[in-house]
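Sequence lines, in order, name chains S and V.
So the first sequence is numbered by my numbering: it starts at 1 and just counts up by one.
So the second sequence is numbered by my numbering: it starts at 1 and just counts up by one.
Honestly, the hints are just simulated from the structure, not real lab data.
You may find that some hints are simply not true.
[Stated by the list, open to error] Partial list, computed: chain S residues near chain V (C-beta under 8 angstroms): (1) Leu113; (2) Leu192; (3) Ser230; (4) Ala232; (5) Val260; (6) His262; (7) Phe265; (8) Ile266; (9) Gly269; (10) Ile272; (11) Phe275.
[What the hints assert, rightly or not] If you only want the chain S side, here are some residues facing chain V, beta carbon under 7 angstroms, derived: (12) Ala252; (13) Glu255; (14) Pro261; (15) Gly274; (16) Leu277; (17) Ile281.
[Stated by the list, open to error] No farther apart than 30 angstroms at their CA atoms in a straight line, the calculated lysine-lysine pairs in the DSS-like style are these: (18) S:Lys223 - V:Lys151; (19) S:Lys2 - S:Lys65; (20) S:Lys218 - V:Lys66; (21) V:Lys94 - S:Lys243; (22) V:Lys171 - V:Lys243.
By construction, the Cβ of each residue, glycine as well, lies at the ideal position given by its N, Cα and C atoms.
Number of protein chains: 2
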Amino acid sequence: MKNIFTSHFPNSMKGLVLKKFDEGLTIETLEVPKPAKGEVLVKIDSAPINPSDWAFLRGLYASPKKLPVVAGFEGSGVVMATGNDFFSRRLLGKKVACFSPPDGNGTWAEYTLTQVATAIPLKKNLSLEQGSMLLVNPLSVIAMISIAKKKRSHAIANTAAASALGQLLDKMCRQNGLQCINIVRRPEQVELLKKNGAQFILDSSFPNFNTEMRDLFKQKNVKIAFDALSGAMVSQLLAALPKGGEVMVYGALSEQEMMVPHGRFIFEGKKISGFWLSQWINQQSMFTLLQAFNKVQKFLCTKHEIHIRDRMSLTQVIEGLNTFPENMSAGKILVKPGQL
Amino acid sequence: MKNIFTSHFPNSMKGLVLKKFDEGLTIETLEVPKPAKGEVLVKIDSAPINPSDWAFLRGLYASPKKLPVVAGFEGSGVVMATGNDFFSRRLLGKKVACFSPPDGNGTWAEYTLTQVATAIPLKKNLSLEQGSMLLVNPLSVIAMISIAKKKRSHAIANTAAASALGQLLDKMCRQNGLQCINIVRRPEQVELLKKNGAQFILDSSFPNFNTEMRDLFKQKNVKIAFDALSGAMVSQLLAALPKGGEVMVYGALSEQEMMVPHGRFIFEGKKISGFWLSQWINQQSMFTLLQAFNKVQKFLCTKHEIHIRDRMSLTQVIEGLNTFPENMSAGKILVKPGQL
Numbered sequence: 001m002k003n004i005f006t007s008h009f010p011n012s013m014k015g016l017v018l019k020k021f022d023e024g025l026t027i028e029t030l031e032v033p034k035p036a037k038g039e040v041l042v043k044i045d046s047a048p049i050n051p052s053d054w055a056f057l058r059g060l061y062a063s064p065k066k067l068p069v070v071a072g073f074e075g076s077g078v079v080m081a082t083g084n085d086f087f088s089r090r091l092l093g094k095k096v097a098c099f100s101p102p103d104g105n106g107t108w109a110e111y112t113l114t115q116v117a118t119a120i121p122l123k124k125n126l127s128l129e130q131g132s133m134l135l136v137n138p139l140s141v142i143a144m145i146s147i148a149k150k151k152r153s154h155a156i157a158n159t160a161a162a163s164a165l166g167q168l169l170d171k172m173c174r175q176n177g178l179q180c181i182n183i184v185r186r187p188e189q190v191e192l193l194k195k196n197g198a199q200f201i202l203d204s205s206f207p208n209f210n211t212e213m214r215d216l217f218k219q220k221n222v223k224i225a226f227d228a229l230s231g232a233m234v235s236q237l238l239a240a241l242p243k244g245g246e247v248m249v250y251g252a253l254s255e256q257e258m259m260v261p262h263g264r265f266i267f268e269g270k271k272i273s274g275f276w277l278s279q280w281i282n283q284q285s286m287f288t289l290l291q292a293f294n295k296v297q298k299f300l301c302t303k304h305e306i307h308i309r310d311r312m313s314l315t316q317v318i319e320g321l322n323t324f325p326e327n328m329s330a331g332k333i334l335v336k337p338g339q340l
Numbered sequence: 001m002k003n004i005f006t007s008h009f010p011n012s013m014k015g016l017v018l019k020k021f022d023e024g025l026t027i028e029t030l031e032v033p034k035p036a037k038g039e040v041l042v043k044i045d046s047a048p049i050n051p052s053d054w055a056f057l058r059g060l061y062a063s064p065k066k067l068p069v070v071a072g073f074e075g076s077g078v079v080m081a082t083g084n085d086f087f088s089r090r091l092l093g094k095k096v097a098c099f100s101p102p103d104g105n106g107t108w109a110e111y112t113l114t115q116v117a118t119a120i121p122l123k124k125n126l127s128l129e130q131g132s133m134l135l136v137n138p139l140s141v142i143a144m145i146s147i148a149k150k151k152r153s154h155a156i157a158n159t160a161a162a163s164a165l166g167q168l169l170d171k172m173c174r175q176n177g178l179q180c181i182n183i184v185r186r187p188e189q190v191e192l193l194k195k196n197g198a199q200f201i202l203d204s205s206f207p208n209f210n211t212e213m214r215d216l217f218k219q220k221n222v223k224i225a226f227d228a229l230s231g232a233m234v235s236q237l238l239a240a241l242p243k244g245g246e247v248m249v250y251g252a253l254s255e256q257e258m259m260v261p262h263g264r265f266i267f268e269g270k271k272i273s274g275f276w277l278s279q280w281i282n283q284q285s286m287f288t289l290l291q292a293f294n295k296v297q298k299f300l301c302t303k304h305e306i307h308i309r310d311r312m313s314l315t316q317v318i319e320g321l322n323t324f325p326e327n328m329s330a331g332k333i334l335v336k337p338g339q340l
């Protein structure tokens, strides 16, 4: 092991541990793990609370992680120690964005141990805070755009479009020559997206929503709609899509099952499928992923700043936990394990 | 026009007319249509009552047909008159299977006018009765097998498997080196399929059905399940399929909406899509279709006789209409417009 700790390798750290699904988090004192070959130890600066984290805490997310476990799927920080191999040593002292390991402790702790391949060096002018949100949302957006292009859809739709992911998707679509139809649930979210320059916005609380959506989908020849809500929205999207259209479900913010009449499939040739970032990543080559990381970082440096609503210490996270799902479009909350 | 009527071209005919969806049929006297170029007039010998006919009568089938219209999607008979062009004249006096035109009167009448391309000459040793069921079910089976092969699934599942379509699918799968898992709803249907030589049969009324289905799907690596029921069966199939599996809905015998949890799509990469014969036919080349007709006829001549439960005159059809959906696996009912 190589490390850059000025005095000694730390004995212990604090982390937010999930012991039972849907029963909240506790602050625990844990041993700081020592990186082996191919591993790096990141001192966490920031880690966002994403909808997927929230779903994981509730027990609604498929994950091989065994409880008890430190929560948090992504974050950023400085590499303080590495295994003694060429690729790991190269990262020593670097600012990185990182995924938590698929089956291990997460980023809502003072330190996270991760594989060298899932620690991405940050560009000089990208802050640790913006960099902490480099992976889950931006990679999802890149994946969605690549899926839309493969299906030769020049326009896509997305629900819960005022989310951090939704805002980024709209902007990156515009940069990639794709038209994005943003579907939100409240009038104030329409205003928010307008301010960001979004061209096509539909408000599902509006009485003519279904008709407007169908007309716009037809006009733009939308072949694919990404859905973060599940429940009733899926059948509304299926009804609105032109023949042969596909709904790709990637979230279930409504926490409801979807109900669909068979005619959409048989007579209209429509489909429901799913999108899951973990699965998409597994199907990509390392080269595609490196290209994607590079593209996203450039975009976050120059074209888009993810709005941060609040920064919280580990203690504050425990206190505020139940309020997080409210108003996700108001901005991201960052977990700051170094804050008291 | 050319014709082979011995005396004069008939003035009128009887036919079963649908005036309003879900309000039964009436016998009407209609003018016998005169074939123009590219058209043939078939004197109907037999026409099956398929589940798709039943769905059409109920108003549950997508069709460009405008009411009032003669019912019946397929049938068989002798070509009595044709347009005066080479391809049509060739069929004069021939025994044919035929589709009714997409937007015109159907086969439950003494005569049907159809396009020359949808009148298929029958092989010598195929009876008019067996030939009357040449198109809807057998072509669906050929389509399903071709879809399964394209998706590289060496095993498929099918629900309502004791239906005429289901029985044919199982046999043709075996001939094509595909394993077919037959899902039925009653113990007596298990016996029926066993007698026909089916290898894999699951009874959904059996208490361990879901577990057995999952185990068998896994063992056989079933990637695609065809479903004629809709409703609850769709989520049962989705749950049982291995990751990445697809349910293709082709019927809605349960007449219920399907309810699906989002996790099947997001985390398990599964899909729901639809299969509709009309759509499939439109996507095939004439050559593929001719090959398919040929294959099906050979199969019906030598390997499989579709079981006929009853033969009915037009009057008998009206009287028995509401009993048809009961026990479809007992055999086909043929409409015989020539019977008094």
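Next on the checklist: Of the numbered hints stated earlier in the document, which are not met by this structure?
Outcome noted: 1, 2, 4, 13, 16, 17, 21
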